[in-house]
Structures are given as C-alpha cells and as structure tokens.
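> Listed below are the residues making up each chain.
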Amino acid sequence: MKAYSLFLAMMAASATSAFGADKPNALAATPNLNNDVKQVVFGELWERKELNKRDRSLVTVTALVAQGQLLELPFQFTLALENGVKPQELAGAVTHIAYYSGISAAAEAEAVLARVFQEQGVELSSLALAQAKPVADAAAAKAQREVVLSMVGDVSPGLAHFSNTALNGDLWLRDDLTPRDRSLVTISALITQGNVEQIPVHVGKGIGNGLKPSEVGEVITQLAFYAGWPRAFSAAAAVKAMNLTD
Amino acid sequence: MKAYSLFLAMMAASATSAFGADKPNALAATPNLNNDVKQVVFGELWERKELNKRDRSLVTVTALVAQGQLLELPFQFTLALENGVKPQELAGAVTHIAYYSGISAAAEAEAVLARVFQEQGVELSSLALAQAKPVADAAAAKAQREVVLSMVGDVSPGLAHFSNTALNGDLWLRDDLTPRDRSLVTISALITQGNVEQIPVHVGKGIGNGLKPSEVGEVITQLAFYAGWPRAFSAAAAVKAMNLTD
Amino acid sequence: MKAYSLFLAMMAASATSAFGADKPNALAATPNLNNDVKQVVFGELWERKELNKRDRSLVTVTALVAQGQLLELPFQFTLALENGVKPQELAGAVTHIAYYSGISAAAEAEAVLARVFQEQGVELSSLALAQAKPVADAAAAKAQREVVLSMVGDVSPGLAHFSNTALNGDLWLRDDLTPRDRSLVTISALITQGNVEQIPVHVGKGIGNGLKPSEVGEVITQLAFYAGWPRAFSAAAAVKAMNLTD
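Residue numbers (this note's numbering), protein chains in the order written: chain Y, -2 to 243; chain X, -2 to 243; chain C, -2 to 243.
The hints are simulated quantities; they were obtained by calculation from the structure and are not laboratory data. Wrong hints could be hidden among the right ones.
Beta-carbon label-pair distances, calculated as ranges [what the hints assert, rightly or not]:
| id | chain 1 | residue 1 | chain 2 | residue 2 | range |
| --- | --- | --- | --- | --- | --- |
| 1 | C | Ala136 | X | Ala137 | 52 to 58 Å |
| 2 | C | Asp172 | Y | Lys209 | 36 to 42 Å |
| 3 | C | Met239 | X | Ala137 | 30 to 36 Å |
| 4 | X | Ser122 | Y | Ala138 | 54 to 60 Å |
| 5 | X | Ala138 | Y | Thr175 | 56 to 62 Å |
| 6 | X | Leu24 | C | Glu120 | 42 to 48 Å |
| 7 | C | Gln117 | X | Ala133 | 46 to 52 Å |
Cβ coordinates follow ideal geometry from the N, Cα and C atoms, glycine included.
Based on the sequences and whatever the hints tell you, model everything.
Now the structure itself:
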C-alpha cells in the first residue's frame, strides 16, 4: 500500500507541475505548446458560452480516461469538481466510461480519482451505490432489447445478453447521472476513440435526452483539443450527415 | 536498476489494491464499478462456458497490452498463468502482439511480464527462443506472398517485404504458440484497436486454424468489457456479415 | 517536485534497461521479441535507405507520443537528437502532435522531453518561441478557410474557428519545423491512430510540401513496427487508391 500511495503522489506531483498552463515558458520543453494551452485552450476554448464549464469537464475527463492519460487526470478531476461536477457524478461518469472504453481504463482512473477525492476532502464512504430506476417506458425498452437481439444476437449471444442486462437494463437507468450526462459521456467516448459508426445512434439518443445540436457541435470543438483534430473532423462529418438543428 | 524495480513494485502494489474485484466498496471511488466487476465480470462473464478461462486470459491480456494498461497487467498476467497459459505461451503472445499493436506496446508490457515471472518463480533463463517450423504448404505460402505483393507491393515495398519475411515467414511459424492461439491473439488485437477492415480476413484464418464461430462470438463478448462496447458492436457487425455457423 | 523527478528518473531507468535492444536474452521475458528488435528493427528497418534516420526518428517519436508510450519515449527522444533532429524541432514536433493526437498526450510527453533535454545538456531557456511566418499565398489560404467553413462550419462553428485560426492560421505557419516535417508528423499521427479518412488529404498536402511517394511508403513500413501491422495495411490501402508515383 505504501508503494501505491507513492505512485499516486508522483502522479499528483507531476500533474501540478506539468499541466494547469501556469508553468513559466523558461521551464518548458515545448514553450509554444505551453503558450497555446494558456492562451487558446484556457484563455479561449474553456470560456466559450456554447457549452458550460461543467459539461466541458465531463467531456474532457471522458477523453482522458478513454485515452489512459493518468498523469493529467488529477488536474482534470480536480477541475471537474471545481466546475460543479459532484463527486457522485464523477464516480458515475468513470463507471459509465468503463462500459464504453473498457473496464481497465476505468479501473486505472479510479485509482487516481480515489486520491483526488482524498485530497479534496471527499469521504469515499459517502459515495452511495447508485440504484437503477424502474424503466419509464416498458414498450420502448422491449423494442430496444429486440433491436439488440436482431443486430448481434446470432453472432454474439453474450454481447446481446449483457447489452440488454448490464448495459441498457442497469447502467443507463442508474440514478447517479442524468440520461443527458450519460449521453454526453458516451458521445465523448465515441468521438475520442474514433467509433464513428456509433456516433449517429448516440447523438440521436442524446438529443432525445436533452442535448442540443449546438452543444454536440461544441463537444466536438472541445475534443479537437483533447482527442486531436482528426477525431473531431470525423465526428463532425458523421453529425453533419444527420442534418440537425437546435 | 533500483528505480526501475521500484516502479515495477509500485505497479504490482497498485494492481493488488485496485483490481481483482475484492476491494471493499467503502474504499472505492467508484463503488458501482467495483460491484459490476465483482458480480458481472468475475461473477458471470468469466464463468461462461462459451470460451474457457485460458482463452479468456489470452484475449484479456491482448486487450490490456494493446491499450497500454500497465497498471492492471500484473494482475492479468498472473491470472493468465493461473488459468493455464504457460510462461512460454505468454511470452509468445506478447511477442505476437508486438506485430499487431506495435513493438513499444509490447516492450512496455515485457517489463511488467518479467516482474510477474520473477514473482511467480518462472526463471527467465528457462524461456527458450521459439523456432519457426518449416512451412507445411509451400504453395499456399507462395500464394499468400503474392497476395501481399499485389496488395501493398507497389505503394510500400518495405511493408510487403517484412510481411512476407518477419511476419508470415517467421512469427506465424514459431513453435511457442499454436496457430489457433495466434489467431485468437490477432483477432483480439484487431477488435480492441478498432481495425474493422482486417477482421474478416483474420476471423476466416482463425476458423481455418480451429477457432469455432461461437468462440469468436464470445471473444467479442469478453472484449465488450475489456475494450468497450463500441469496439464489440463494430466487430460483431463485421463478423455477422461473414454468415458463419459452428 | 521531488516525487516528480523520481517518477521521471524511473522512466529513464526503465528505458535504459527495457529498450535499445541490447538486453541479453537471458534477462528478457520475451527473448524472441528482443531478438526481433535487435535483428529486424535495428538491424534492418532503421538501416533501409528509403527514408533517412532523422525522418524515421520523427515518425517513431510521433507514434510513441500519439500512443502515450512514455516508458520508451526517453530512449526514442534521445535517439532522435542523435539522428539529427534539433531540440527546437523536437519541441515543435511535440507541439504539432498536440493538435493531431490531443494536448494531453503531448503534455505528458513534454514532461519526458524536459528530462531528456536536461540529460543531454539542452538548456530549456534556449528554446525560443516559434513564430508564425506570414502566409505565402493569401488566395490559397482564403480558399482553405472556405473549405473548412463549408465542411464543418454549420455543425461545429468552434471547430471551424479554431481550424482557421490556431491550426491553419498559426501552427502550420510556425518557423520551428518545415512544412515537409509537419506533413511527416501529421501523416504519422494519422496512420498511428487509424484516422484513415484524413490520410489522402494529408498525403496530398505532404507531396506538395516535398515528401516523395516512396518516402510515404517507407513511413508506412516504419509504422508497421511502431503502430502495428493493421494500421500499416489500412494506410497502404488508402495511399494506394491515390495512384502516386515518385
């Protein structure tokens, strides 16, 4: 346990020094990048009104967890709390990401989150187990299960089973994150990972859950910086083909 | 060397505490994820009969190496040995992954594997160099070389050269892993990385090497959890289009 | 700060022992991989004349930064300096990669680069801020801005804005890296990440910036080893469809 704490202390220390955009350029190996992060990313991107800072934090944290960027995570988890993401929501987001980016990406991030919670005075014992709410529209849920079965039931019965139980029958119904936030996190994971095929379905679902098309466009803008321009352009093309308007 | 050992000790320590699904929820930053790993992943997924635990370990290790998840690797390498993957096979799998996920992903994982071997009493000096067996079907091998040349010989002569020598003319012939296991590892790497274009060719080859279509379906199920749902759905669509039956 | 230095010392120590291809096989957990790296990668690939070692280093560093392979980075950053990539160019490359692979991947790599610069006696204070040169062809720049607006201006106005300002109106004009090197880095990031859709545009731009089609083919060869065979084959198919000749 001592070694483990030391590892996390290191990550926290590296986060303090390497991110946050306040390192003097004379100490930076990449002074232009430092400048860009300061002026363009924090000076301009995060201040844009098309998406609030809380949502930007959910999007950014998703990108970092999906990409396994553990060194910057302490900084961004802390910023997320500061931007109004509640501890329970942050825990819910990491759990949600587990299903869209793999449980190991989430488990590694969980170790960082535990440390950030400790530093910020969040008691782990205060984090209640989220509960799945009853399905609101039973007919729609049944239709969704049938779509899953017809899509992958023959080729991968296990995938169909867990999609209809653990994923759609439990995770998406849990009360620690709103459906809108789940869509925000899911869409961010898809864009970050280049899962272009699934973007239209989940953007459509997100609109149904209360996301505005203009917010989706700004999620893409945020991820241009945090997942790279190519992922953003591929996502923009997929969303453009949907012809949405606010 | 001391610092290096320390780094590995940290990874091992973090693995013990963060993975394995036995951390009390009161100590978890993501209690639902802990619960899901315990009940759904280890309680249900790993117990399914559609794929044995040894194969599940090969699939899971491949996903972690391909995704660079070094913190969970000590736990999964150890579990793989426990599930009957032999040390020589584990070494062969990491080497195989090097060609499908990049040599640096494999080299970073090798550092973790060396530590796990030490902890489990596997002597590194006992790991013999695998040898390439003679080609069984010379005509088929010649045909394969010609396909490679016609596909990429003009645009990237170097890629064609190394495909026909290092990859198909050496790696795939080595005696430390069966062709079936090589297909299992290759297919797992492709699904994990979202290399959808190459899935049909390698699933076809895997069937020829003894994998059953139902096993391929369960590889997809396992990877839904370890590489995320979107990769699993894209893979399922690619395999479904092949119309395979056991 | 002490913990941070320790973390970097560990990475450096692990790099020395795990990469560089000179570890005796008796100490390797994957003796065949060690052999392949020694004989095929360093003995053959890096010696091929189709691409010089300086360019191979830019390509390889890009792959490692894009994939977040921080443990091998100290070795490859050092090799890049040895192969003639100037410190200012290496800083410029990492900054460029930030836009194509996400700023966090670059920020994590920056921490490693700072350490390598220190070890190699490169003064951080000697790294000047690169400056954007005036646009050479104003009409072409205007046309490019209009293409961006027509592609993504409606669906993501923010993405269009930052593409036309921070990316094309600043980064690509900076004097710390030639346009040819920027194309080399961009193409390498695209291939590594599997951004197949964007490969034709950037290979076309790269040819305009002085890259030869045969060099592009050898970039693909280099990345077969450093990003894996599937990425190389997908890239080769995309470039083949362009029908280029030297």
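> If any of the earlier hints don't hold here, list their numbers in rising order.
Going through the list in order, the structure violates no hint and respects every one.
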